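Asker: For chain A, the structure is supplied; the task is to place chain B on it using the hints.
Chains A and B, in that order, give the protein sequences. For what it's worth, the numbering used here labels the leading residue of the first sequence as 1, then goes sequentially. For what it's worth, the numbering used here labels the leading residue of the second sequence as 1, then goes sequentially.
The set of hints was computed from the structure by calculation and includes no laboratory data. There's no promise every hint is true.
[Claimed, not checked] Only part of the chain B face toward chain A is listed, based on derived beta-carbon distances under 7 Å:
| no. | residue |
| --- | --- |
| 1 | Val6 |
| 2 | Thr163 |
| 3 | Trp166 |
| 4 | Leu169 |
| 5 | Val262 |
[What the hints assert, rightly or not] Derived coverage of chain B by chain A (criterion: at least 3 residues anywhere in the stretch with Cβ under 8 Å from a Cβ of chain A; other residues may be distant):
| no. | stretch |
| --- | --- |
| 6 | 109-122 |
| 7 | 201-211 |
| 8 | 243-252 |
| 9 | 276-284 |
[What the hints assert, rightly or not] Here are the in silico distance ranges between beta carbons for each label pair:
| no. | chain 1 | residue 1 | chain 2 | residue 2 | range |
| --- | --- | --- | --- | --- | --- |
| 10 | A | Leu61 | B | Val102 | 57 to 63 Å |
| 11 | B | Leu298 | A | Asp194 | 55 to 61 Å |
| 12 | B | Arg115 | A | Val32 | 24 to 30 Å |
Note that the structure is a prediction, hence the values are computed from the model and not measured. By construction, the Cβ of each residue, glycine as well, lies at the ideal position given by its N, Cα and C atoms.
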Amino acid sequence: MDGSTRGYGMTKHGHVKETRVKAHASEFRRVVRVFLGRRIVIFGVVTIAGLIICALLAPYLAPYDPYEQNLSGALQKPGFNHWLGTDAVGRDTLSRIIYGTRTSLMIGIVAVAIAALIGMTLGLIAGFFGGKGYTFIMRFIDAMMCFPPILMALILAGILGAGMKNVMFAIGIALIPAYCRLMCAQVLSVRENDYVTAARSIGATNIRVMIRHILPNCFPPLIVLITVNIGMAILSEAGLSFLGLGIEAPKAAWGKMVSDGYLYLRTQPVLSFAPGLAIMLVVFAFNMVGDGLRDALDPKLRGTL
Amino acid sequence: MVLLLVSLMVFLTMRLLPGDPILMYMTMRDVEGSSQEQIDNIRKEFGLDKPVMVQYLRWVSGAVRGDLGTSILNRSSVSAELKRRVPITFYLTFLSLLLSVVVSIPLGVISAMRRGSWLDTLVTTVANMGVTVPVFWLGILLVYVFGLILKWLPVFGYTSPFTNFWVSLKQVVMPVFCLAVFSIASSMRQTRSSMLEVIRQDYIRTARAKGLKERVIVMRHALKNAMIPVVTLTGMTVRYLFGGAVLVETVFNIPGMGRMTVDGILAQDYPVVQGAVLVIAVTILLSNLIVDLSYGWLDPRIRYD
Chain A
1 MDGSTRGYGM TKHGHVKETR VKAHASEFRR VVRVFLGRRI VIFGVVTIAG
51 LIICALLAPY LAPYDPYEQN LSGALQKPGF NHWLGTDAVG RDTLSRIIYG
101 TRTSLMIGIV AVAIAALIGM TLGLIAGFFG GKGYTFIMRF IDAMMCFPPI
151 LMALILAGIL GAGMKNVMFA IGIALIPAYC RLMCAQVLSV RENDYVTAAR
201 SIGATNIRVM IRHILPNCFP PLIVLITVNI GMAILSEAGL SFLGLGIEAP
251 KAAWGKMVSD GYLYLRTQPV LSFAPGLAIM LVVFAFNMVG DGLRDALDPK
301 LRGTL
Chain B
1 MVLLLVSLMV FLTMRLLPGD PILMYMTMRD VEGSSQEQID NIRKEFGLDK
51 PVMVQYLRWV SGAVRGDLGT SILNRSSVSA ELKRRVPITF YLTFLSLLLS
101 VVVSIPLGVI SAMRRGSWLD TLVTTVANMG VTVPVFWLGI LLVYVFGLIL
151 KWLPVFGYTS PFTNFWVSLK QVVMPVFCLA VFSIASSMRQ TRSSMLEVIR
201 QDYIRTARAK GLKERVIVMR HALKNAMIPV VTLTGMTVRY LFGGAVLVET
251 VFNIPGMGRM TVDGILAQDY PVVQGAVLVI AVTILLSNLI VDLSYGWLDP
301 RIRYD
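Same shape as in the complex, but just chain A (with noise of 0.2 Å):
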């Protein structure tokens, strides 16, 4: 009885998950195909696409060390040598923006992989346990929601003192209250749908259900805004870099180009416009992106993230 029972039970669960597998790959093509459908998201994908080769191949697309200080070709017009001319201490402009990807693509997804590995787990276990947790940790993300986040993440900075690392969790930190909120609300759904009753019908543990049938079925929504998160922190660190609270001296970073050549704005512009340019580029990618993605995974949350 017991083998037959569990033989029957194999068999139903194969052809169960036989077709959920089928579902899914005809619910992932539409995905894909939706998601590709505009113009402007493939536009988004291959920018994308083509800053990631910049800043790995940076030493090989820039024309010039970045860190080269020339005195005696200093402030150089753009020209064939310079495409976007040198700075203040003779550095080529075009090779610190190539340069500059790497800086802004780190801290970009760094810092929304540490905001959304903390937020999410706060929100995960809010939603799930509630009660005083929920409580505790909803109040404490409503505080910190009181705060614009370029000024939190300035603050940390101020605390941590500058320097990529520091800039990251600044910034993290800063990201942390929208994942803390999506999350809950996404578990406070999910935890009604019949399938996890069902799942704690046959006995499975809180961790089980919370990270097995619970957590996958939240992602959507927590996929767009990683995604448009991204390009936030791009924008975050390129403020902070400016108020020089930033990335440390040397180092390329596109926010503090644009501050830099504020100051020879007279006579040499494309100093502060060609890094604010790629600043642009960058988050706009990123957003399309996002965007395409909300469009692709739940067409009802057009225009709510």
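Answerer: Same frame as chain A, now just chain B:
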């Protein structure tokens, strides 16, 4: 409750700042060879020799009475300093918010009503670019074009509108525009998408079937219902406006609260940063409250019991 948490957060984070403001003060004043006794005396004067909890209680009880302590660096009263600077920042953010509402809602509505037209494409593109542009870079761009090339507007500075209205207005145009761009763009996107959502509803079809004028349908039936997400977003942008003020005040050299915070962080002057950040946080808290209350007016189904 949230307010208390906010004040505690502000206070404790400030205590984590590395370095000792007293030592900083000593070096700034160039008091060479000051004895340990002198240092202790100054520490006592600012109450920094007391345990952290006692310091916090003193600060909060002072704050409730409108006394936010004394700046360590220049020994001036933080409240007095804030009294000078708060109106400036509030004036800028208020004008930006006003500009954003006046521009974004009509444009969002028009672009939703004429979906797919060239106007819609233009509005959407501009909005997508508006949410990606770094504010400080936009500020520099404007300074270059309108300040240096066309010489229409002063490059920086601030005059109170009560001393000289025209000069003040001219000085304020660029900062306000910069500050408003992000909220204009995001609320334009939100208005457009929630209008598109609402005009698909049955009651709009009913209104059309009744033969109501298109203008009445849009203004009375659609817009009010589409406003809830827009109001939420506007409430949230207050946060970003204060964050943006930090950057914009730096670019245009405006003596507001944002500038005060950045200078305070750079100089590790606890009381100044604490005071300024507390004012910002409380303002954001209040604006959230106003947003919550406005839901009831927009949608009578929402009630607060």
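Asker: For each hint, tell me whether it holds in the structure or not.
Answerer: We went through each hint and held it up to the structure:
1. Val6: holds (5 Å)
2. Thr163: It is violated, given that the least Cβ distance between Thr163(B) and chain A is near 28 Å, above 7 Å.
3. Trp166: Violated, because the Cβ-Cβ distance from Trp166(B) to chain A comes to roughly 25 Å (cut-off 7 Å).
4. Leu169: violated (23 Å)
5. Val262: holds (6 Å)
6. 109-122: Coverage by chain A is violated for the stretch 109-122 of chain B (0 residues, Cβ < 8 Å).
7. 201-211: That given contact is violated, which follows from only 0 residues of the stretch 201-211 of chain B lying within Cβ reach (below 8 Å) of chain A.
8. 243-252: Answer holds; 6 residues pass the 8 Å Cβ test.
9. 276-284: Contact hint for the stretch 276-284 of chain B vs chain A: holds, 5 residues under 8 Å.
10. Leu61(A) with Val102(B): 57 to 63 Å: With Cβ atoms ~45 Å apart, the hint is violated.
11. Leu298(B) with Asp194(A): 55 to 61 Å: Given range 55 to 61 Å: violated, Cβ gap about 35 Å.
12. Arg115(B) with Val32(A): 24 to 30 Å: Cβ of Arg115(B) to Cβ of Val32(A): about 25 Å, so the range 24 to 30 Å holds.
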